[in-house]
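Engineer: Just so we're aligned: 131 in the numbering used here is position 57 of the sequence shown, and the numbers increase by one with no gaps anywhere.
Simulated from the structure, these hints should not be mistaken for laboratory data.
Don't be surprised by glycine CBs; every beta carbon is placed ideally from N, CA and C.
One or more hints might be untrue.
Claimed, not checked - Each pair of labels, with its calculated beta carbon distance range:
1) Pro-161 with Thr-98: 37 to 47 Å
2) Arg-229 with Ala-99: 17 to 27 Å
3) Ala-255 with Arg-210: 10 to 20 Å
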Amino acid sequence: MRNTVLVGALLAGAIATPASAEVTAQSDVGFVIREVADVAATPAETWRAMTTPGAWWSSAHTFSGSGANLSLSPTVGGCFCERFPPPKGAPATQQAGGVQHMRVIYVEPNRVLRLSGALGPLQSEALTGTLTMALRATDTGTHITWEYVVGGYMRYKVDQIAPAVDRMLAEQISLLAAHIAKSTTPAAPPAAAPKPGKAPTAQPAKAAAAPAPAAPAPAAPGGDDAANDAARAAFDAALKKAPPKRQGTPPRH
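Please put together the full structure from these sequences, using the hints given.
Structural biologist: Dropping the structure here:
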């Protein structure tokens, strides 16, 4: 059933195409497909996006019906895999299923990723497929080239299946380019420099706020009356003291 859905999606062909997509070679035993796109992102940014297919791959071209179930490990021997979650109502002990779409056989980070495998309905045939995904830096970003070489014995008619696979991969590279365009934020433009001979207008300084009134000194223990009484007592005591004697002045008679 899953294979039937994928074949139908392949043959439908109602999908967007990138800047360049074509079947470059074809024979009774195989075909070659080439897809090209340009993105306004660095090779490193493009590589990170390209190796996370779960974020952009079309759900219509999966076995599980959801592109989010796809994963890719960009290391030699790594898997381009799809997970089949257990169906609703399945026993809790039922394990998830899955499929290995392709296996990574060559890795040159930010430049070349090569995978081996027969995609989609081609997996049921005696075919070998090699997908080379190359990135090249340009003045405006990155040039992406995918080349998929398929050969062996198949029960499909090559002149029908080759264009269908071409359209499928064309859709995926277009989705990748759209995903990169959406996730790459352009840098903010620099601030405009002041015109020559014209000094920048100074902003009027704000008036300084009036200082807050000083907090009153804490009252002495006992309140104001007690403080006044103490001051008066000290003053009275000072008046009762005899004035100091002057030195060298004889007393008056």
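Engineer: Now tell me if each hint is right for this structure.
Structural biologist: Status of the hints after comparison with the structure:
1. Pro-161 with Thr-98: 37 to 47 Å: holds, 41 Å
2. Arg-229 with Ala-99: 17 to 27 Å: Between Arg-229 and Ala-99, where Cβ atoms are some 21 Å apart, the hint holds.
3. Ala-255 with Arg-210: 10 to 20 Å: holds, 18 Å
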